[in-house]
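Enquirer: Hey, can you work out the whole structure from these sequences and the hints?
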Amino acid sequence: MAGGTRRAQSPYAYVVSGEWPEAVMQPHRSALVAQAIARELARAMADQGLSANALAQRSGVNRQVITNVLKGTVWADIMTVVELEGALGVMLWPVHVAWEIPGGEEHPPGQHQ
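If you're matching positions, the sequence shown starts at 1 in the numbering used here and goes up one per residue.
If you're looking for bench data, these hints aren't it; they were derived computationally from the structure.
None of the values given here were measured: they were computed from a predicted structure.
For every residue, glycine included, the Cβ atom is placed at its ideal position computed from N, Cα and C.
Honestly, I wouldn't trust all of these hints.
[Stated by the list, open to error] FRET-style restraints, in silico, Cβ to Cβ:
1. Q48 <-> R7: 25 to 31 Å
2. E100 <-> A23: 15 to 21 Å
3. A8 <-> G49: 20 to 26 Å
4. N53 <-> W99: 32 to 38 Å
5. A54 <-> P102: 35 to 41 Å
Expert: Structural data, given as structure tokens:
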């Protein structure tokens, strides 16, 4: 699998407490980015009054993929994010390089290099 075992866990697996996508997360940059994308996607859809079906038609992204991104059960790929951003007219990808992630861990829960 591309990315090896780093994608073995879904972004949702990094939730510490609370409800996705507003939950408190483990300090894992990729999971935090996935959470931010899901949060912005949900906001943009709500702001524009779009269902997953309507956004799928507008973007060409499969409705189930949109639902899975919103639920945090998949790692959204670049093409998916670009197509959704284009259809919504908003940026979903966060400027994460400026984030300070205390004790940041880049490995799935329970796995270490």
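Enquirer: Each hint needs a verdict: does it hold in this structure or not?
Expert: Okay, the hints, checked on the actual structure:
1. Evaluation of the 25 to 31 Å hint for Q48 and R7 yields a pass: the beta carbon distance comes to about 30 Å.
2. A hinted range of 15 to 21 Å for the beta carbons of E100 and A23 is consistent with their spacing of about 19 Å.
3. Look at A8 against G49: about 36 Å separates their beta carbons, and that is not inside 20 to 26 Å.
4. Against the hinted window of 32 to 38 Å, the Cβ-Cβ separation of N53 and W99 comes to about 33 Å, which satisfies the hint.
5. The hint said 35 to 41 Å for the Cβ distance between A54 and P102, and at roughly 39 Å that hint holds.
Of the hints listed earlier, the one the structure fails to meet is number 3.
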